[in-house]
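In order, the protein sequences belong to chains A and B. All residue numbers in the first sequence are consecutive under numbering that gives the first Met the number 0, ending with 1006. All residue numbers in the second sequence are consecutive under numbering that gives the first Met the number 0, ending with 474.
There could be a bad hint or two in this list.
[What the hints assert, rightly or not] Computed footprint of chain A on chain B; a stretch qualifies when at least three of its residues, placed anywhere within it, have a C-beta under 8 Å from a C-beta of chain A: (1) 138-152; (2) 244-251.
[What the hints assert, rightly or not] Quick list of in silico lysine to aspartate or glutamate cross-link-like pairs, DMTMM-like style, CA-CA up to 25 Å: (3) A:Lys734 <-> B:Asp21; (4) B:Lys333 <-> A:Glu984; (5) B:Lys333 <-> A:Glu818; (6) B:Lys333 <-> A:Asp78; (7) A:Lys799 <-> B:Glu62; (8) A:Lys974 <-> A:Glu985; (9) B:Lys333 <-> A:Asp816; (10) B:Lys333 <-> A:Asp699; (11) A:Lys597 <-> A:Glu711; (12) A:Lys734 <-> B:Glu328; (13) A:Lys739 <-> B:Glu328; (14) A:Lys928 <-> A:Asp78; (15) A:Lys427 <-> A:Asp675; (16) A:Lys738 <-> B:Glu328; (17) A:Lys974 <-> A:Asp942; (18) B:Lys442 <-> B:Glu296; (19) A:Lys814 <-> B:Glu328; (20) A:Lys795 <-> B:Glu62; (21) A:Lys946 <-> A:Glu106; (22) B:Lys333 <-> A:Glu704; (23) A:Lys799 <-> B:Asp341; (24) A:Lys687 <-> A:Asp731; (25) A:Lys687 <-> A:Glu612; (26) B:Lys333 <-> A:Asp817; (27) B:Lys333 <-> A:Asp731; (28) A:Lys997 <-> A:Glu106; (29) A:Lys597 <-> A:Glu704; (30) A:Lys597 <-> A:Glu822; (31) A:Lys738 <-> A:Glu711.
[To be verified] Distance ranges between label pairs, derived from CB positions: (32) A:Glu819 <-> B:Leu314: 37 to 43 Å; (33) B:Pro146 <-> A:Asn860: 55 to 61 Å; (34) B:Ala304 <-> A:Glu819: 30 to 36 Å; (35) B:Val336 <-> A:Tyr859: 38 to 44 Å; (36) B:Ala130 <-> A:Asn150: 55 to 61 Å; (37) B:Pro146 <-> A:Lys74: 46 to 52 Å; (38) B:Pro146 <-> A:Glu762: 31 to 37 Å; (39) B:Thr255 <-> A:Asn860: 35 to 41 Å.
I should point out that these hints are in silico values taken from the structure, not numbers from a laboratory. Glycine included, each C-beta is placed from N, C-alpha and C at the ideal position.
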Amino acid sequence: MSTEKKQPNYWKSLNELAQNEEYKKYLEREFPENATELNDDVSRRSFLRVMGASIALAGFAACRRPVQKIIPYTKQPEDLVQGEPLYYASAMPFKDSLTGLLVETHEGRPTKIEGNDLHPASHGNTNTYQQGAVLGLYDPDRSRYVRKQGNRSSWNDFVSYCKEQFADTSQRIAFISEANSSPTYQRLKEEVLDKFPEAEWVTYEPFGEENRLEGNKLAFGQKVRTVRHFDQCDVIVSLDDDFMNPAANKNNVQDLRRYTQRRTVASNDGDMSRLYAVESTYSLTGSNADNRLRLKSSELPKFTYALAAQLSRKIDGLEAFSQYSNEFSQHQWIEILTDELLGSRGRSLVTAGNEHSPEVHAAVAAINYALQNNGTTVTYHAVPHIDEENQRTKFARMVDEMQNGQFDAAVLIGTNPVFTASSDLDFKEALNNTSATLHLSNYYNETSREVNWHVNRTHFLESWGDGYSFDGTRTLIQPVIAPLYSGKSELEFLAAIGRGEQTKGHDLVRQTWRSFYSTNFEKKWKTALHDGVDSEGHFPEQQVRLAADFASQAQQFTANLKDSNGGLELVVRPGTTIYDGRFANNGWLQELPRPMTKNTWDNVALMSPSTAEKLGVENEDMIQISTSDTQIKLPVWKQPGHADNSITTTVGQGRSKLGRVANQAGFNTYPARTTDRPLVRHDISVKKLNETYSIANTQDHHSMEGRALIRETTLQNYRENPDFASYENAYDGAKLPGKKFAKEKGEKFAIPLFDEQKYPDYEPQWGMSIDLNACIGCGTCTIACQAENNIPVVGKREVKRGREMHWIRTDRYFKGDDEENPEAYHQPVPCMHCELAPCEQVCPVAATTHSDDGMNQMTYNRCIGTRYCSNNCPYKVRRFNFFNYTQEFLTSGSDPEIVQMAMNPDVSIRFRGVMEKCTYCVQRVNRAKVITKKKTGSVKPPDGMVKTACQQACPTDAISFGDLTDRTSEVSEEKMNERTYLLLEELNTRPRTSYMAKLRNPNPELA
Amino acid sequence: MSTTYEYVPKPALVKGDHDFGDITDMICETPLQKTPPLWYVAFGAANILLLVMLALIGYLFWEGTGVWGLNVPAGWGWAIVNFVWWVGIGHAGTLISAILFLFRQDWRTAINRFAEAMTIFAVMCAGVFPAIHVGRIWFIYWVFPIPNQMAMWPNFTSPLLWDVFAVSTYFTVSVLFWYVGLIPDFATLRDKATSKLQKITYGIFSLGWTGSFRDWWNYEKAYMILAGLATPLVLSVHTVVSFDFSVSLIPGWHSTIFPPYFVAGAIYSGFAMVLSLMIIARKIYGLEDIMNVDIMEKMNIVMMATGLLVAFAYLMEGWTAWYSGYIYEQAIFKLYVVGPYDWGFWILMFCNVVTPNFLWSKTVRRNVTLTFIISILVNIGMWFERFMIAVASLSTDFLPSSWDYYSPTWVDIWTYIGTFGLFFTFFLLFLRFFPMIAIAEVKAVMPQADPHYYEENGSNDHGKSGDNELKSNND
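Generate coordinates for the entire structure from the input sequences, incorporating the hints supplied.
Structural data, given as structure tokens:
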């Protein structure tokens, strides 16, 4: 680009970052020639590239309004109406699971992802990873071409190389693949394994359900998948299992839906399940638990066995544990959990965290079995793509053999083991000792740099594929855009290796599916594509019974359990928003505040305040954590509610060469994991370093300061006092100011100073209700809003300055007298759309006003940026463009047109100096009004036709939105519920967004 | 029978044995003389600071409001603090000239010109901030009710709009008032000037003043009317500025005590600033006889009185917080005292509440050095008062989740320092080229101005006696 500003110490945005010399060199290397692209197939990419080049040549960067060229459709595609979005069903594969989605496209480019109502794993809901996928697609840092020894090559060359290299079928090939549920992939896998009899295949995931599967094998003798039915549970005991978190549960959307079904209380005679959490890190699940016990992860096995032992005294099936006892045997929680679980036999569920040992999972499986939960709250399924052999040990063995040069070739599909493999495996060395190494990945990542051939992979929105959801719903993945960077899918990659020829993903998938539909294929194929779900086919449920040798096995492993030494432990978990690092270059996910810490961008060493005190460290102090074999450096973050003597950190950060987003954030903590100890290290020592590292945190203050912002009570109290959420009850009988006078005057609300607009003199009138009892605080709404409303990523520096742009944020408060063990509460806060909006009163130029349908509108064109509205907003939901964030975000890199394609054309982007805020997705509202008016003549859309982005994405359906003049609408009904209250009601701002008070169902004995 | 009335002698307002000619010479000397080298040094320094301010404003316009330390709870920071502070300082001049004029406080003549000039330049400094703090400076004219093709008026319920009117009216009236007062003195300078340029320039500005009865008659009427107009403005401008805060609903802002409290605070800081400047100027320009210790003491008394009013207002804030039972108001008061910005609160308490109490002592009131120190402390205190109101209240408002700490950037700090450049550039020009004391008015309050002065002193010994204002014997 032609202009260059030098501000080395003022890191505002990605754009500026992109201007640093090193990165520019990196880019220059990556795109050595622009013009030659024209010789390629005519692709969107080449068009964009040339367009980008022409803009760069003309030096338009300095202009305020860049000139852009538009090409008209010479041939209008079918069904496409300019300006109208089209929705396609597809699915997002995540490890060996998948969730059905609808992808909104505008003129051929996907801009937003929604859940697919018809798909059982989604039911119209999504999680953060799915919402963030659109930005992942348009990530300009994705790998763009095939490389041979790091130099640019082509797919044709790669295929001819494969043909030659793999002509000899007797060679020993190591296939290291990510987990994949695709039947087509499975077919190709069998094909290559048939062709190369000496080849070995391992599924490698740094975090996965392998231990749970192994545990099931130990307990039942079958390697079967555990499917949990939270909707059938009265009592749930989570043993360090953060099942609400997408990082810890690949099926979290479906599981949350099931969980919420038993947590929704329509009136005070309702009932809800009870969730117990025993965990070290204060997790999302723990924050939603009714009772929570802090326990070091290294002590969890003992706790689990003690629970099994206690249960064995009351029920059959756990004889293996009857002789067992340890220091937890007398623990209050063991007594209580035993009573609770026994009291709801067949309606209870015990579940343990993925990374815990197979033995723990075996004990858990046995407990569930003994409690007769099998078949109701938990079912076991045989999954065709799961291999019988323990993949973790197999991976370790294969890496070892690779190091010894025992493999002729290594094919790595989608994984990044150089970065993610345990520290005891020198994967780099293994690659160096293998003569042919091939790697398929989205990014030119740590592994890609060490291999002979790197093939750039397609995003799932660009490629054909298929797969099974977690419990076996077969689904097609259809592309919604041609590959931006001419990438290849894993199917095409594998076919090229196996067959030595180029094949199209589409053909491969159809070929597989032909075997599913013996008759009427085209019609069924089209239906499956259209619906995004194939109704035929689920994983067969397995009837399991305890293995004959389980008792002896259990006696052995309980006896062999090593005592943890009582010292400090280090728990390594996947990152909540960036997972194992695969989403590390996604700015939306990096900037999403982590649910419990509200930190963005970096990973930290979480510890309880008392542990920090013991170590003599404060927030943002750097510490060095040493294990027997490695050392990692991390900044400290105090997490109230964390188990003492325990430090938690997350992986995936600390990248140096991945992309410009990822390279900025955090520290690499993978070295702290070993094959034996993927979760807990308890041989650590901590040293305070004489340096600090600043963390961009979005919430400084964690107490509600006695203000009834989140109103909550126990289920029991709700039954007795249905009116607990009213102002009077929330403030111990204090009267709502102005209420008495209003009553005398016959008014519903306190009487304001200024003339008020009377509602409703126009229909519809919009309103929102947020059920805090359903909300779990995951942050999906924030990402959905960001995707829908073109909200820029502002970068760590700006977040640190308190300038994050999220229109809907989730506040997290701690409550309770014990600072070490508080309760946590989540509250999403969008614009309240006050009827008497304080912001409207004070804007000197009337840039924020009310619409007829009751929305508080922000007129960007009129705004001069005094920020008075934000100051006067009691909810502080307004966001100001302190810099030209959108421009910075959308013009970074050398071909900014790519990230620009992610923008929603229905929403204007905001210029520097302009205030912005939640609009209730006015673009969606108005579209619905137009459609309704065209059909019926009225502008009143039927209930449910308008869904705001946050509402639609929410995995627990916590948000409802609709017309308040329709007394039967969902939102009206919620507003009439006695749990509904207004935030800061006493200010008489009359918010249109209301909250429904939270309920907990704690065990009174633990109160 | 004969009765003798002895008038209590009033101390002369001008010390030393000066007659009218002396006064004229003393004051006209500076504008008409060659520029002293020291002035160039001071002016140069002020110019550099002014350039710093202009450069930083340019940087701000180029980069965006983000170069300041603002964030989301604290949408206003130093810019608004500085605005209120400078406007407050800009209160003294018009108060001295207009209100004290109407109350016949003759001692005002020694400082009114000086204070008015300070007012105008302070308001100029203040005016910079509301203009530059907006996000899109190029649309700032939308705050004025200019008929336009969009048929959009500004929002008349917004206190910021009231600010626009209040401050611009105040500035206009202050400039007019100042200029009207200057006319007879410009004529004096015109008549005393020796160089042609000076003659012509002062001639133009003196608008053909002849010193005739009719000129004086018009002048006196105009001055009286303008004083009448300016008087409510003195009270209104800071009242309206306080509305920026009190009309909103943020705890710590939403308070009916703000208008009188702001006006008292403004006078307090304005007098402090006049004192600081006067103490330096009288020394340098040798005007200690006119701007004498008696005048300083009177100003100190006003400063103390307003200072105590302000202190009372602080107490009332605490009392209201407690008595209202309004938890947010209570919380913000507690957070002032013990909270993220408590250091600011205690600086403010020391400077604004403790400091004026030293002025109970006559010795302190008449001590130039101590007065100077106190006046500086008061100005610091008043800056922190605005800081606490604007920033601390915003940073910790209703929802604790959005609480965030505000800290300024170097751009904030240097822009503020730069406004002193703007102020002193103009003030030094004023000192150099304008009669810094109202010559005609000072003469009018000297004993010699009494028509019977020479009769009663019975001699041509002009101005040599005159300690006693009047002695009347009635046989």
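If any of the earlier hints don't hold here, list their numbers in rising order.
3, 6, 24, 28, 33 and 34
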